[in-house]
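Novice: Protein chains in written order, with our numbering: chain A, 1 to 443; chain B, 1001 to 1091; chain C, 2001 to 2471.
No wet-lab data here; the hints were simulated from the structure.
Cβ atoms here follow ideal geometry from the backbone N, Cα and C, with glycine treated the same way.
Don't take every hint at face value.
Taking lysine to aspartate or glutamate pairs in the EDC-like style, the calculated list, with each CA pair at most 16 angstroms apart, reads [claimed, not checked]: (1) B:K1086 with A:E306; (2) A:K355 with B:E1014; (3) A:K313 with B:E1024; (4) C:K2423 with C:E2467; (5) B:K1081 with C:E2138; (6) B:K1080 with C:D2032; (7) A:K313 with B:D1019; (8) B:K1066 with C:D2032; (9) A:K313 with B:D1071; (10) B:K1086 with C:E2138; (11) B:K1086 with C:D2090; (12) B:K1086 with A:D303; (13) C:K2102 with A:D303; (14) A:K345 with B:D1040; (15) C:K2036 with B:D1071.
Pair ranges (Cβ atoms, derived) [stated by the list, open to error]: (16) C:G2350 with B:I1064: 39 to 45 angstroms; (17) B:N1058 with A:D219: 32 to 38 angstroms; (18) A:G104 with B:I1076: 22 to 28 angstroms; (19) A:K78 with B:N1058: 25 to 31 angstroms; (20) B:I1064 with C:L2292: 21 to 27 angstroms; (21) C:V2322 with B:I1076: 40 to 46 angstroms; (22) A:I258 with B:N1058: 38 to 44 angstroms.
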Amino acid sequence: MSNLLDEFEGIKEKNKSINAYITFSQLDDSISDGKLSGKTIAVKDTISTAGLRTTCASKMLENYVPPYDAHAVSLIKKHGAIIMGKANCDEFAMGSSTEHSAFGPTHNPHDLERVPGGSSGGSAAAIAGGLADLALGSDTGGSIRCPASFCGIVGLKPTYGLVSRYGLIAYGNSLEQIGPMAKNVYDCALLLECISDYDNRDATCVNTKRIDYTSHLEDDISGLKIAVPKEFFGPGTDSIVEKSVWNTIKKLESEGAIIEEINIESIKYSLAAYYIIAMSEASSNLARFDGLRYGLHSGKSKDWNELFSNNRKFGFGFEVKRRIILGTFSLSSGYFDEYYIKAQKVRSLITNDFKKVFSKFDVIVGPTMPTLAFKLGEKLTDPLSMYMSDIDTVSANLAGIPSISIPCGNSNSLPIGIQLMSSHFNEKTILNLGNRVEQIAGV
Amino acid sequence: MVDKKIIDPKKYSELSKIDLSPQEMEILDKQFPEILEYFDLLSKADTSEDIDSQTLSNIFREDIPKDSIADEILDIVPEKKGRFVKGPRMM
Amino acid sequence: MSSSIDGVKIGLEIHCQLTSLNTKMFCNCSADYRGKPPNTLLCTVCAGLPGSLPVLNKRALEAAIKIGLAINCKISNKSNFFRKNYFYPDSPKNYQITQYDKAGGIAIANEGYVETNLGGVRITRIQMEEDPGKLQYEGSITTSSNTLIDYNRAGISLVEIVTEPDLVSPKHAREFLNTIQSIVEAIGECDSKLDGSMRADANVSISNGRRVEVKNISSFKEVERALNFEITRQKTIQAASKMETRHWDDVRRVTVTLRVKEDEEGYRYFPDPDLPPMDISNDYIEQLKNLLPELPEKRFIRFTNDIKLPGEIARILIKNKVVADYFEESLKYENNPKLISSWITTDIMGYLNRNNINFIDLSIDAKSLATLAKSVSDSQINEYTAKSILLKSISSNDHIDDLLKSEISNSVTFENLLEIIEKVLNDNSKAVADVKNDPQAIHFLIGQVMKATHGRADHSKVKELIEKQLK
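Turn these sequences into a full structure, and let the hints steer you where they fit.
Specialist: Okay, here's the thing in structure tokens:
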């Protein structure tokens, strides 16, 4: 353990160039028992940690210290993990690049001039940069899988309802899950085992049988039926990404998996449906930040109306403001039917389409991201182009199905991720397949 | 289809209790129509079929009191008067 | 339905706290907030801390269904929660978890009906929702430089009862509120004696004018006052020309315009993603129906038809389930409804009201009251004596049985009485002589005997015995 305390200074030093962490813990040299004993973990700063500052990468919560632990945090503590600190992210988890942080962007360890992906960019960069063994992220529209792909690590978004959201500071609460991020599939499976305990404090947490995910990793994959939707290789997809992913798919075929290209038409509506739902929920979830009970208080004002408006003006970054205002608009009378209700109907359509696919196939495969990690600042002026990068990941959140990103190749040392999705509560299958991908991808 | 020109970021920023600067207002005024035009893609989706999305139901808890953590919660309140949370005047 | 004057139409929105619950609606904090120091009953959920999540109190659903059944509503087989989004300092999340009746929202109950003495009222719906915190001002809302917020009440379970605009006068509204009060008390879910446990907002219009909402009415007495004021105000301006919300100022006794919260358009209702919907089976509804006690209306009919109590007395008894239960308990031991009900409604309740004591704290148990009534029926004591025993017992905490015992032992035996009569007749020979000429003079003698027996003797018996002696 004194090893870790020595390393800690080195980690803090290295963090200066990567900026994966917003807050470091006070480490001591105690070691606890458990499945995660001795392992270091970065916790995304949208996840509540008792006594440890939790900012959501926002000025609004710059000095907020939660009086309680998220369920997932108490579980990793129980299993002996050492929390290194709070990982940087896009403010309130809104973003795909970790550039929308009030504490500066995180840099991709593979190329410091590029983004690590988002919104759990700090979590991914911490692992890729050797600053943590494991990480907790959260995924609302791809926020675990995107940075996993860009940073060349493994990241899994669990089935909606598998992991308790108690303590996760909400952004899109019908879409998001806390999930494990790690260097390899085994560690990812281990972490998932630890954090997926049932919690009756989250009414959307499903009380279903939890599985030992690590004991199914070496299951035989021959005969596994894999669907490859054409919609995941849309016009914005880099040819190098397409090539790398298909390469991996072909290798799986030679291992006995049965591959078939299919169409899931409704995927083309997934991005619009996702953003309307996420922004609508966000506009309500972030209403509580008014500075009265916690958070940024901007000082004297003439009445409560002015106080709230000022606190939120100074507390929130522009991306957050943009999404809240758009969300408010979508829920407003006159537009509610056309936007929010329509988006929910499209969501049901997509969910149903995926259900139909899974009645014939075991796994859906495609790229996690359409491109390689882009340069810092590249997409900042055009929000829509930033939103478009989520095109391959959002449908899993809409349908509530589990999805994992595994490194499958790279281009000029920039990682490429392959995405595996399965039906509800079938994490076992994608971890199993993911493990095989890891072995054959040779990354 | 909604007429993009009449969507006013000012109205919705007020409803969201976010005070925008004139520059921010200008930027949103430009970006809103483009984003909403993308969202309008949804109108092409055929959602006429009634799909029953099966979800969880009947999740309850027992009516048994537990200790509160009021002191810890009060500790992080920025402005207080005694045990009251202090806010500015109402009008 | 009664006809209205000036085309007055009043609708009410009554908020009933579910005071029978131990914990708040969506968290395990104690619901016993009255009299506690500010901000002492809080957790991550009711304080709206980031990352907190609501979980529904099972008893809240049960209580809401029972209230719905008691006011003759249809209970929904499916129900869900929506968010009502608005910013206000008393609202920890700046949205309220409530129920809605559009856009896929299904309230817990609909289409009910309540009968009152002044006409029936249709119930539109019942919805479950959480109470916000409480705001306090240093001075009045307009002069206070600060607002002080106590979140102890935030998250307390409420049931909102919404009526059609069937109320035709402020008096009708008051009568209706009293009826609802007796019903929710009877089923035990809302103790309306607790401060703030029942509040009402009113919607009022006159002859085709626009509807005006009147909020901030602190008690049911104030409801009648506020409505009377508002109707007069509307008549003066010849009907409201626009829909608005006004605030009742119970100090100045006027309604004032208050720019407060968003209108319906601004609330942006949508289903709360944190709360799964409720599936309510007909079996479950039937189960709860069987748990309901006899409701006040039914009891009234039984008291008047079967027990033959006069209407006004019955009305008083059924108003409070505790009183009605006490009356019937007493009847079990001594079937003298006329006497017992009269004692309860005049002597006992009169004393309790004058001394601000709750009926439930009455020191005389039902059986003892029955014993007292029995001793009158058995002619052991007369009604006058019984009353004085009753009043002595309430005010001194001396037990009725003890007082009765001592009374009877001091009471006038037949032999005593003869002795006393003899003495009186001897001592008042002039009066005795007078009787021969004026029969009315006997009353003086009777009076003397009554005085000598400290009023205990039976008046008619005394008269009989004196007459006998004088023959």
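Novice: Does the structure break any of the earlier hints, and which numbers would those be?
Specialist: Hints 2, 6, 9 and 13 contradicted; others consistent.
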